[in-house]
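Trainee: Sequence:
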Amino acid sequence: MKHACMRATRLASDSIDRKLTLWERLRFHLHLAMCRNCRNCEHTLRLIRRTTELMRETQYGNIKLTDLQRERLHAAINGNNQN
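Numbering of the sequence shown is given in UniProt numbering, commencing with residue 1 and proceeding in unit increments.
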(Lines of atoms letter the chains of each structure in order from A and count residues from 1; the text may use other names and numbers.)
(Lines give C-alpha, C1' and ligand atoms only; values in the text may rest on other atoms or scores of the structure.)
Protein backbone atom coordinates (compact mmCIF):
# COMPACT_ATOMS: atom_id res chain seq x y z
CA MET A 1 0.00 0.00 0.00
CA LYS A 2 1.33 3.42 -0.90
CA HIS A 3 2.15 5.91 1.84
CA ALA A 4 -0.53 8.31 0.55
CA CYS A 5 -3.13 5.54 0.69
CA MET A 6 -2.12 4.58 4.22
CA ARG A 7 -2.48 8.22 5.27
CA ALA A 8 -5.87 8.49 3.53
CA THR A 9 -7.08 5.30 5.21
CA ARG A 10 -6.01 6.68 8.59
CA LEU A 11 -7.89 9.92 7.88
CA ALA A 12 -10.98 7.97 6.85
CA SER A 13 -10.84 6.11 10.14
CA ASP A 14 -10.12 9.26 12.15
CA SER A 15 -13.07 11.05 10.55
CA ILE A 16 -15.38 8.58 12.29
CA ASP A 17 -14.11 9.60 15.73
CA ARG A 18 -13.43 13.28 15.27
CA LYS A 19 -13.85 16.18 12.89
CA LEU A 20 -10.88 16.46 10.58
CA THR A 21 -9.05 19.76 10.31
CA LEU A 22 -9.51 21.78 7.16
CA TRP A 23 -6.07 20.77 5.89
CA GLU A 24 -6.78 17.09 6.60
CA ARG A 25 -10.12 17.27 4.79
CA LEU A 26 -8.54 18.93 1.75
CA ARG A 27 -5.75 16.36 1.51
CA PHE A 28 -8.18 13.51 2.08
CA HIS A 29 -10.69 14.60 -0.55
CA LEU A 30 -7.96 15.37 -3.06
CA HIS A 31 -6.59 11.86 -2.60
CA LEU A 32 -10.07 10.33 -2.87
CA ALA A 33 -10.58 12.14 -6.17
CA MET A 34 -7.59 10.27 -7.56
CA CYS A 35 -7.76 6.89 -5.82
CA ARG A 36 -10.64 4.49 -6.36
CA ASN A 37 -9.35 2.02 -3.77
CA CYS A 38 -9.39 4.63 -1.02
CA ARG A 39 -12.87 5.78 -2.09
CA ASN A 40 -14.02 2.18 -1.70
CA CYS A 41 -12.34 1.93 1.70
CA GLU A 42 -13.95 5.18 2.89
CA HIS A 43 -17.34 4.01 1.63
CA THR A 44 -16.93 0.70 3.46
CA LEU A 45 -16.00 2.45 6.72
CA ARG A 46 -19.08 4.67 6.48
CA LEU A 47 -21.25 1.63 5.77
CA ILE A 48 -19.84 -0.22 8.79
CA ARG A 49 -20.47 2.79 10.99
CA ARG A 50 -24.08 3.17 9.84
CA THR A 51 -24.69 -0.55 10.24
CA THR A 52 -23.36 -0.66 13.79
CA GLU A 53 -25.40 2.41 14.73
CA LEU A 54 -28.56 0.77 13.38
CA MET A 55 -27.77 -2.48 15.18
CA ARG A 56 -27.23 -0.65 18.46
CA GLU A 57 -30.51 1.24 18.07
CA THR A 58 -32.56 -1.84 17.21
CA GLN A 59 -30.96 -4.16 19.77
CA TYR A 60 -30.81 -1.85 22.74
CA GLY A 61 -33.07 1.08 21.98
CA ASN A 62 -36.30 -0.50 23.23
CA ILE A 63 -35.06 -2.25 26.37
CA LYS A 64 -37.09 -1.30 29.43
CA LEU A 65 -35.86 -2.30 32.88
CA THR A 66 -37.97 -2.61 35.98
CA ASP A 67 -36.80 -0.71 39.04
CA LEU A 68 -35.58 -3.96 40.62
CA GLN A 69 -33.63 -4.92 37.48
CA ARG A 70 -32.11 -1.45 37.35
CA GLU A 71 -31.07 -1.66 41.02
CA ARG A 72 -29.53 -5.12 40.55
CA LEU A 73 -27.65 -4.01 37.47
CA HIS A 74 -26.38 -0.92 39.24
CA ALA A 75 -25.27 -3.02 42.24
CA ALA A 76 -23.51 -5.53 39.98
CA ILE A 77 -21.65 -2.77 38.18
CA ASN A 78 -20.53 -1.29 41.49
CA GLY A 79 -19.41 -4.69 42.79
CA ASN A 80 -22.22 -5.08 45.32
CA ASN A 81 -23.75 -8.24 43.87
CA GLN A 82 -27.14 -8.47 45.58
CA ASN A 83 -29.83 -11.03 44.78
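The reader is advised that the hints may include incorrect statements.
[Stated by the list, open to error] Restraint ranges, calculated between C-beta atoms of paired labels, are given here: (1) Arg10 / Thr51: 44 to 54 Å; (2) Gly79 / Leu45: 31 to 41 Å; (3) Ala76 / His3: 44 to 54 Å.
These are calculated hints, taken from the structure and not from any lab test.
Quick reminder that beta carbons are idealized off the backbone N, C-alpha and C, glycines included.
Trainee: Is the distance from the Cβ of Gly79 to the Cβ of Leu45 consistent with 31 to 41 Å?
Mentor: holds (37 Å)
Trainee: Does the Cβ distance between Ala76 and His3 fall inside 44 to 54 Å?
Mentor: The hint (44 to 54 Å, Cβ to Cβ) holds, given that Ala76 and His3 are roughly 48 Å apart.
Trainee: For the range 44 to 54 Å, tell me whether the beta carbons of Arg10 and Thr51 fit it or not.
Mentor: Violated, at about 21 Å.
Hint 1 alone, counting from the list given before, is not met by this structure.
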